[in-house]
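The primary structure of each chain is shown beneath.
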Amino acid sequence: MARLYRAALTLLLLLCGCAKEQDNAIHIGVIAELTGDIPAVGASCKNAAEMAVKTVNDMGGIDIGGKKYVVKTQIEDSAGRADQAASAALKLITRDKVIAIIGPNASSGAIPASEIAETSKIPMISPWSTNPKTTIDPKTGKQKSYVFRACYMDSFQGRVLAAFALGQLKAKRAAVLYDVASEVLKGQAEVFKQTFEEKGGTITGFETYTTGNKDFSVQMTKLKNGSPDLILLPTYYSDVPLQVEQARRLGITVPILGSDAWASHDLLGLCGNNCEGAFFSSHFCSSSTAPGVKKFVDDYNALYGSVPDDVAALTYDSFGILFEAMKRAAKPASEDIKTAIQKINGFQGVTGNITFHEGSGDPEKSVVILQIKDGDFRWFSDIKP
Amino acid sequence: MKSNNFWVRFTSNRLPVFVGAGFVATLIVSRFSLMDQYVELVAMYVGINIILALSLNIVNGYMGEFSVGHAGFMAVGAYGASVLSVKILPAGVWVFPVAIVAGGLLAAAAAVVVAIPSFKTRGDYLAIVTLSFNMIVKSVLENIDAVGGPRGFLGMEKLTTLPWVFAWTVASVWAVRNFVYSNIGRGVLSIREDEMAGEAMGVDTQKVKLQAFVISSFFAGVAGGLYAHLLQFISPRSFDILKSTEILIMVYLGGVGSIAGSIAGAVIYTVLIEALRVLGQWRMVIMPLMLVILMIFRPKGIFGYTEFSWFKPATAKKREGAAIMSHQPLRQVETGGLLAIDGLTHYFGGLCALSDFNLRLSAGQILGVIGPNGSGKTTLFNLISGYYKPTQGSISVHGAELTRLRPNEINALGIARTFQNIRLFNNLTVEDNVKIGMFGSAGYNASGALLRTRRFKQCERDMSEHAQELLELFALDRYRAEPAKNLPYGLKRRLEIVRALATRPALLLLDEPAAGMNPAETGALMELVQRIRDDFKLTIMVIEHHMSFIMGLCETIRVLDFGVTIAAGTADEIKNDKKVIEAYLGSSGARNYKTGGNS
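The listed protein sequences correspond, in order, to chains A and B.
Start counting the first sequence at 0; every next residue gets the next number (numbering that gives the first Met the number 0).
Start counting the second sequence at 0; every next residue gets the next number (numbering that gives the first Met the number 0).
Honestly, the hints are just simulated from the structure, not real lab data.
Take the hints with a grain of salt, since some may be wrong.
[To be verified] Derived CB-CB ranges, DEER-like: (1) E156/B - N56/A: 39 to 45 Å; (2) A126/B - K330/A: 54 to 60 Å; (3) N56/A - A126/B: 48 to 54 Å; (4) M134/B - L267/A: 30 to 36 Å; (5) I292/B - M58/A: 43 to 49 Å; (6) S446/B - T209/A: 38 to 44 Å.
C-beta atoms are modelled at their ideal positions from N, C-alpha and C, and glycine is treated no differently.
Construct all of the structure, not just a fragment, from the sequences and the given hints.
Structure (structure tokens):
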């Protein structure tokens, strides 16, 4: 029994562990999905966060109101769960006294964390949360003041995909197959359909499946019977190879269009020749030759030995936005930083040109369209809103 | 030891004071924000997880079934409570408790839907059904746009506060304790220990399972409602299989079949998850690892099957000079036959186990059933007690037809039995074994148990006294608090008879009561059986291989061979029956026996 008490006491002490203070340090919290069902997202986020902070500190820190500050990060795991994201946010705010939070990436964690950030008046930037509800106060329906995101939303992506299909691919008839169990993909499919029809296109088929399905032949046959000019597959990269293969086997030769859920290099190996020529929208193009992007990709590759994915790029840009805002703030206080983020205009990040408008946490930025060509992702075009 | 007793007395008397003080403390803490918000949040998670662990423990720990989809019920409660508080109920102080209770009731209603098909059979079936239920709930929620679909549901006020969580946690502990330590709770335990024996003792296992499952789900729903109003955001993803697994971990970590275990499991799990944040991604490896280690060294969890004394209600001591209760059959035959069996035939596939068996048994008789192994004796008992449905024929007691009834219903008509291979409720105390025998005559229902009504207390005290009396009569009272598995063999046999007597039967079926006993023990058992026949006004059927036992005890004897009745009569008649000797010794053996007998 005594041992039990001792163990409990140790735990209590661990829980109450004190945060140390340093005069010229500012603390930024990161909430990432290090464990759980999307650990790859958490790992990319953590890597990019550490790299962004190291870059700033190597240059002597950050200059706020004429004083140099060293940036310190505290990275917390959300395990991809809503409750743990909330406790991580509260721990960062009450224990580690962070003045801003980057993350969580998954919307299921970002929404509860954003509630806490908003009530605690701590700016939070989610790199990857595309759920519109993240930045909206559910009670008033207005935008939250302290919550931002670095990515564009699904609805925006759906609109851009529709514009691309009609404009550059000259498609008049489109068919869609999407994963109904994913909030993101469902949103993209629905907005695409709506926009495409509004702009004069026809949706010839609108089929669904659920995560884990492996046979799409029934849906593909239905899509084929509508004789579309284009097939949109807002589906995860792991499902794409089977779908494309089954489409090709049925003799579907029209262009295939995907969304950011395709953006994994694993797709290239899995899909082989079948995906050649397909397009998809993305947050980020790692093969871009723009100087900022190239430096980011090279540095990341040198540090971690891999090509950064869109989560890494968006995390890096989230820090970029935060640092930019800090430089413009009068003092390292959450309130000043929040106001400065709202005024970000034309920030040149690795994922594009980012602008925030007063009263909205959702950025205005361009969408990258990539094409699979010669077994690699190639930049095809930038679509500005 | 003395200080320990003092501590027990002190805490059991002061428990309401402690609970009240705790509640006031949480009120003050949350009103004046005395606690770090982070610690407060973790404390609230702890409370919610305690409720979840208790809820699952009822099914997995106490009932011994295996639900793996409890997050599904939590989801029903969470969405139900949230929709009510956001969309339906007008704003007001009473919204929150009403929404939470309604969420719990919705989850309970869902449990009825799940339970009805799955409790028809036993075993892994429930695991599969609950797993599917969890997945169905998740996909249904993903497809209802009115509650946000996969994007989740928001708009709840932050109504869950520390005092509320404290109050609900205490209420859940109290309710689960009341439930577990009641007649229904003992019925639930009998299902875990030995469902077949429980049925034979009159436990309506289907009803008990349903009640346990419904109460369990109610609390899962309550926890869901609290969770939703704490995070102000719920999405189908929050209630996936991983969440169910989390609850399972807490239950098996803390200990199955223990309230202290549920509390310990929830506290350790929730606090460690936060405290181990320093470990980064290794954090989530520690918990499963701990569980694996624990399962190797303590497979039932830290507190498995044991309980802190303050979670047990005090058992009533027998009052001095209390009126001796009747042990005589609940239903006495006035005149004539007690049991009538006509043309009873039973086939296992193509094998005829019992063929055209006929019997008239009148009150007060002792009938012996003998025959070589495999001759259909136990089949006969299983047919009478309702485990098998006969292929043909009829059995009636007091003129009521039994063949369509379930074992517990047959027990209620006054037939109790023991088993060839002892089937006690091994992990339960000797007293509880006997009390389960009284299941059918408890005199209060589930709500009485949950609210601990005056009637409940009265009935419980009566049952305790009755049980102690029976134990005293059979010299088992000093083992009262001992788990049945610790008894020596002979006493186990005796306890099984006492347990059967506790159901106050008119007819007692004893299946090889003297198996494994030496001649002295067998003699003592004979006297015991005679005594209970007289004292308890019983009619007895006994299967035995000890010939001296049968010959000395039974007025009439039936001999079975390959399912066919080959002889019937008194001991002397049977002893000299040619067919009987042949059946036991074979035809050549019979010759030898005869010649041997002549010389």
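Query - Enumerated hints in conflict with the structure, sorted upward - result: none
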